[in-house]
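Can you build the whole structure from these sequences, using the hints too?
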Amino acid sequence: PLEFHGGGPTNAPSIGTPISMTPPTRFNEIAISLSPDGRTLAFAEDRLVRIFDAQSRQELHRFQAQPRTWSVSLSPDGRWLAAASFPGGCPDVWVWNLQTREVVAKLPFPPSAQVAFSPDSQLLVAGGKLEYQFWEVGTWKPVRSLPRHARADFLGAVSFSSDGRMLAVADRHDSVCLMA
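Numbering of the sequence shown is given in my numbering, commencing with residue 2 and proceeding in unit increments.
Everything labelled a hint here was simulated from the structure, so no lab data went into it. Among the hints, erroneous ones may be present.
[What the hints assert, rightly or not] Here are the computed distance ranges between Cβ atoms for each label pair: (1) Val177 <-> Gln56: 30 to 40 Å; (2) Asp121 <-> Ser146: 16 to 26 Å; (3) Val177 <-> Asp78: 19 to 29 Å; (4) Gln59 <-> Leu131: 39 to 49 Å; (5) Leu61 <-> Pro148: 34 to 44 Å; (6) Asp175 <-> Arg40: 31 to 41 Å; (7) Asn98 <-> Gln59: 18 to 28 Å.
The beta-carbon is built from N, C-alpha and C at its ideal position, and this holds for glycine as well.
Here you go:
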């Protein structure tokens with residue numbers, strides 16, 4: 002359980018025994034995704050994505066991923082893992098089926114995407130420098146593309162509300178758009 006110790010501005014969280022990871026890669030790029038139920042953790046660095054049981058701290062799966070992987074998302078239903086790479090990496094969003102442990106899709110999208118599944122696990126969205134792309138989960142068909150208003154050198158961070166009715170997107174350095 003998440004606990005806080007100390008109080009005030011130095012109130013330090015304690016979340017239990019840490020999970021040991023490999024030393025940082027030469028890129029020092031890591032990504033994490035915790036499932037909504039708190040049972041599964043995905044951890045990525047460079048070409049490796051590891052899946053852990055968050056309660057027992059035991060590694061469940063290990064996947065070879067695209068170079069410079071730096072964004073990962075676990076689907077809320079526990080069936081899928083999506084990963085995207087940093088600029089200079091692979092120009093696709095990779096999706097694994099966690100049951101079969103196989104890559105089921107390599108979705109065309111420029112490097113430097115941020116990825117997120119909708120709370121109902123029906124959509125996968127990637128936010129990049131130029132657009133936000135939505136795919137139907139399972140068929141992996143593109144269903145919508147939304148251009149970014151401010152095409153910039155930073156990434157299109159994305160986050161769904163817990164009920165899936167709203168999507169927050171970082172459209173510029175100084176603003177977040179809420180889409181309903």
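Hints and how they fare:
1. Val177 <-> Gln56: 30 to 40 Å: For Gln56 against Val177, whose Cβ atoms are near 33 Å apart, the range 30 to 40 Å holds.
2. Asp121 <-> Ser146: 16 to 26 Å: 20 Å, holds
3. Val177 <-> Asp78: 19 to 29 Å: 27 Å, holds
4. Gln59 <-> Leu131: 39 to 49 Å: 40 Å Cβ-Cβ, so the 39 to 49 Å window holds.
5. Leu61 <-> Pro148: 34 to 44 Å: The hinted range 34 to 44 Å holds for Leu61 and Pro148, with Cβ atoms some 38 Å apart.
6. Asp175 <-> Arg40: 31 to 41 Å: At 37 Å between Cβs, range holds.
7. Asn98 <-> Gln59: 18 to 28 Å: Given range 18 to 28 Å: holds, Cβ gap about 20 Å.
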